[in-house]
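Put together the whole structure using the sequences plus the hints.
Residue numbers (our numbering), protein chains in the order written: chain A, 1 to 245; chain B, 246 to 561.
Rather than coming from a laboratory, the hints here were simulated on the basis of the structure. Certain hints may be false.
[Unchecked claim] Listed next, with one range per pair, are the computed distances between beta-carbon atoms:
1) K313/B to G16/A: 35 to 41 Å
2) N69/A to A318/B: 48 to 54 Å
3) K195/A to H274/B: 58 to 64 Å
4) R233/A to D332/B: 37 to 43 Å
5) L177/A to S435/B: 21 to 27 Å
6) G16/A to D433/B: 15 to 21 Å
7) K195/A to D550/B: 24 to 30 Å
[As the list claims (entries may be wrong)] Below, simulated DSS-like cross-link-like pairs (lysine-lysine); rule was C-alpha separation at most 25 Å, straight line:
8) K313/B to K88/A
9) K313/B to K422/B
10) K60/A to K88/A
11) K542/B to K499/B
12) K531/B to K499/B
13) K368/B to K88/A
14) K355/B to K422/B
15) K91/A to K310/B
16) K310/B to K88/A
All C-beta atoms, glycine included, are put in the ideal place defined by N, C-alpha and C.
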Amino acid sequence: MSNKELYSPEGLRLDGRRWNELKSFTCKVNTHQTSSDGSSYVQQGNTKVMCKVNGPLEPKSKANSNNNNASITVNLNIASFSPVERRKRPKSDRRIKEMMTILEKTFSETVITKLYPRTQIIVDCYVLSQDGGILSAVANSVTLALIDAGIAMYDFVSSINVGLYNNSIPILDLNHLEEGDMSFLTLGIVGKSEKLAMMLLEEKIPFDKLETLLGIGISGAQRIKDLMDEELRKHGKLLISTAAS
Amino acid sequence: MSFSVSEKDYLYQSLSSKTPIRPDGRKSHQLRGIEASINFLPNSNGSSRIRLSDGSEVIISIKSKVVKMSTLADLIELDLTIDNLRDDLTFISDWTNILRNSLLRNFADKFECLKLTTRYYFKLYVDVLFLSSSSNARTTKTDTSFLQNPLSMISFGIYLALKSTRLPLLISNSNDKDIEELPTFNDDWSSTVLLYPQDEDEEIKENNTTSQNSSSPPLLFVLSVVKNNLFIDPSIEEQEISDCGLVIGWCSGKVVSPIESLNLNQSGSSEYIKGMHGQNIIEGIKMIENVAATVSKGLDEIVKDGNNSVFMDSIF
Chain A
1 MSNKELYSPE GLRLDGRRWN ELKSFTCKVN THQTSSDGSS YVQQGNTKVM CKVNGPLEPK
61 SKANSNNNNA SITVNLNIAS FSPVERRKRP KSDRRIKEMM TILEKTFSET VITKLYPRTQ
121 IIVDCYVLSQ DGGILSAVAN SVTLALIDAG IAMYDFVSSI NVGLYNNSIP ILDLNHLEEG
181 DMSFLTLGIV GKSEKLAMML LEEKIPFDKL ETLLGIGISG AQRIKDLMDE ELRKHGKLLI
241 STAAS
Chain B
246 MSFSVSEKDY LYQSLSSKTP IRPDGRKSHQ LRGIEASINF LPNSNGSSRI RLSDGSEVII
306 SIKSKVVKMS TLADLIELDL TIDNLRDDLT FISDWTNILR NSLLRNFADK FECLKLTTRY
366 YFKLYVDVLF LSSSSNARTT KTDTSFLQNP LSMISFGIYL ALKSTRLPLL ISNSNDKDIE
426 ELPTFNDDWS STVLLYPQDE DEEIKENNTT SQNSSSPPLL FVLSVVKNNL FIDPSIEEQE
486 ISDCGLVIGW CSGKVVSPIE SLNLNQSGSS EYIKGMHGQN IIEGIKMIEN VAATVSKGLD
546 EIVKDGNNSV FMDSIF
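Structure representation (C-alpha cells):
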C-alpha cells in the first residue's frame with residue numbers, strides 16, 4: 001500500500017477529493033414498506049447500506065424486556081460479497097460484534113426509550129458494498145430508519161470518519177484504501193450540536209491531534225445531518241402531497 | 246403463518262375444488278409480479294435484486310476469482326444467507342444443494358467460458374442474500390415457521406445475475422502448457438465480456454458459431470399440490486396447506502432436473518402433508534413447459550434493459 005500516494009503534494013487524494021471533501025452521499029427512506037416499520041438506504045461513495053427497523057414490539061424473550069425502557073437490538077449483516085475481495089465472516093466475528101454493541105449503546109441513548117417500556121426495537125442492517133466508513137454509513141442508516149419508523153428520538157445521530165495522514169494531515173471521510181493505511185476516528189454527533197454520541201478509534205493518534213480531528217469530524221457530520229434532513233423533508237412533503245390528493 | 250383450523254379448512258376447500266380459487270385471485274399457472282433490477286453492486290461481476298409485493302427480497306452477487314484448475318464442480322460455489330438465521334440449518338443446506346446442483350448440471354458449455362488457459366480457470370462465487378417478509382414475526386433465531394420457500398425467486402435472481410455477469414478480458418497467452426505464466430487481464434471495464442452474450446449482439450454471434458447463444462441459466466419453479474390441483478409460485482398461505490410441493494427445473498427450452506418433491510410446510514404441522522399422485526408430476530411438467538418460456542423472455546427483457554443502460558448507482 002505504501003507505494004501508493006494517498007495524498008499528493010497538490011492536496012489531492014486517490015479518488016480526486018481534497019482533504020475535507022465528503023464522498024457523494026445519497027440516502028432514501030421508506031424503502032421496504034411491507035417488510036418493516038421503518039427502513040432506509042444509505043450510499044456513501046461505493047459503500048451501500050440497507051437498514052430495516054421493526055418495533056417497538058413485544059420482546060421475543062424475557063431477557064430483552066425492561067420495565068422502564070425499550071431495549072434496542074442491532075443485527076449487523078456484512079454480506080460476504082461486499083468487499084472488493086470476497087470474504088465470508090462468521091456471525092461471531094469480533095469486529096462485527098463490536099460494531100453491533102457500539103450501535104446498540106449509541107441508539108439506546110438517542111432514542112427516548114422511556115416512552116416505550118417493556119418493548120423491543122429490532123434494527124437489521126445489511127452492508128451490500130463497502131468502500132470505507134461502514135460503521136458511519138450504518139449509523140446514518142439506522143438514524144434514518146428509526147425516524148421513518150416514527151420512533152421518538154432526541155435528535156439525529158450523524159456519523160463520519162476522519163483519518164490522520166502522516167501524523168500531520170487530517171483527512172475526512174476515508175475510502176477503503178485510505179482506511180487500510182492510516183489510523184482513523186469514527187464519530188457520531190447528536191443533531192446540530194457538537195455533542196458526541198459515538199466514538200471509535202482504530203489504532204492510535206497523538207493526543208494533541210485529537211482536537212483538530214474532532215473539529216473536522218464534527219463539521220463533516222453536521223453536513224451529513226443536513227443532507228439527511230433534506231431527504232427526510234423531501235420524503236415528508238411527498239407523503240403529504242400523496243395523502244392530500 | 247399460523248392459521249386457525251377453520252381458516253386452513255377454508256383455504257384447503259377452495260384450492261382443492263374442481264374450479265380452484267387462489268386466495269389472491271391468481272390463475273393456477275400465474276406467477277406473482279416481481280420487481281427486479283441488475284448491475285448495482287460495484288464490487289461484483291454481476292448482481293441482481295428481486296422484490297415481491299409481500300416484501301420478501303433477494304439480493305444476488307456473482308464474483309469471480311482466478312483459480313488453478315481442479316475439478317469442474319469446484320468452479321461454482323453457492324452461498325445462501327437467510328435473514329439472520331444460522332447457516333448450518335438443514336433446510337438451508339438442502340436449498341443450497343438444489344440450487345448449486347441445478348446450476349452445475351446446466352452449465353455444461355459455459356465451463357468453456359470460464360476456462361482461461363490450460364491451467365487457470367475463473368471460479369464463480371454465487372452469493373445469495375434472502376430477506377424474508379416476516380423476519381419480525383419469528384420468535385427465535387431458529388424458528389422457521391414463517392419462512393416461505395424462496396427457491397423459485399432465488400433461481401430467477403441467479404438467472405438475472407448470471408446474465409449480467411461480465412468477466413475481464415484475458416490479454417496474456419491462453420496457451421501455457423509449456424511456459425507457465427500468470428494470466429493478465431485488460432483492466433478496462435468496458436472491454437469485459439458478458440458470460441452469457443446477448444443474442445442481439447451481432448459481433449458476438451459471428452464469433453461464436455456454437456450453440457452458446459441459445460443457452461441460458463436454469464430456472465426453478467415451485468409448484469404446490471392440493472389434491473389434483475397444481476399451483477405455480479404458491480404464496481405463503483398456499484404453501485401452508487398444500488399436500489406436497491414440487492420443484493421443477495427448466496433450462497434452454499426444456500424441462501430439466503431437478504424434478505423433486507419437497508415439503509413446503511415449514512411450520513411442520515403434519516396434518517396437511519399427504520404426498521401426491523404420479524399424474525401430478527406429469528401435469529406439473531406440462532404446466533412448466535407452457536409457462537417457462539414466457540418467464541425467461543420476461544427476465545431477458547430486464548437483462549437487456551439493464552445491460553444496455555449505464556451502471557445503476559442505486560437500487561432505490
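The hints, checked one at a time:
1. Under the hint 35 to 41 Å, the C-beta atoms of K313/B and G16/A, about 37 Å apart, fit the expected range.
2. For N69/A and A318/B, the Cβ-Cβ distance of about 53 Å falls inside the hinted range of 48 to 54 Å, so the restraint holds.
3. Take K195/A and H274/B: their Cβ atoms lie about 60 Å apart, and the range 58 to 64 Å holds.
4. The hinted range of 37 to 43 Å is satisfied by R233/A and D332/B, whose Cβ atoms lie roughly 40 Å apart.
5. For L177/A and S435/B, the Cβ-Cβ distance of about 23 Å falls inside the hinted range of 21 to 27 Å, so the restraint holds.
6. For the pair G16/A and D433/B, the supplied restraint of 15 to 21 Å holds, since their beta-carbon distance comes to about 19 Å.
7. Between K195/A and D550/B the beta carbon distance is about 47 Å. The supplied range of 24 to 30 Å is therefore violated.
8. Note on K313/B and K88/A: the hinted pairing holds, with a Cα-Cα distance of about 21 Å set against a maximum of 25 Å.
9. A C-alpha spacing of about 13 Å is found between K313/B and K422/B, which places the hinted pair at or below 25 Å, so the restraint holds.
10. Between K60/A and K88/A, the direct Cα distance comes to roughly 28 Å. Violation of the 25 Å bound is thereby established for this hinted pair.
11. As the CA atoms of K542/B and K499/B are separated by approximately 14 Å, the hinted pair is consistent with the 25 Å bound.
12. About 11 Å separates the Cα atoms of K531/B and K499/B, which keeps this hinted pair within 25 Å; it holds.
13. Among the hinted pairs, K368/B with K88/A is consistent with the structure: their alpha-carbon atoms are about 16 Å apart, no more than 25 Å.
14. With a C-alpha separation of about 22 Å, the suggested pair K355/B and K422/B falls inside the 25 Å cut-off, and the hint holds.
15. As the CA atoms of K91/A and K310/B are separated by approximately 24 Å, the hinted pair is consistent with the 25 Å bound.
16. For the proposed pair K310/B and K88/A, the alpha carbon gap of about 14 Å is at most 25 Å, so the pair holds.
Taken one by one, the earlier hints fail for this structure at numbers 7 and 10, listed in ascending order.
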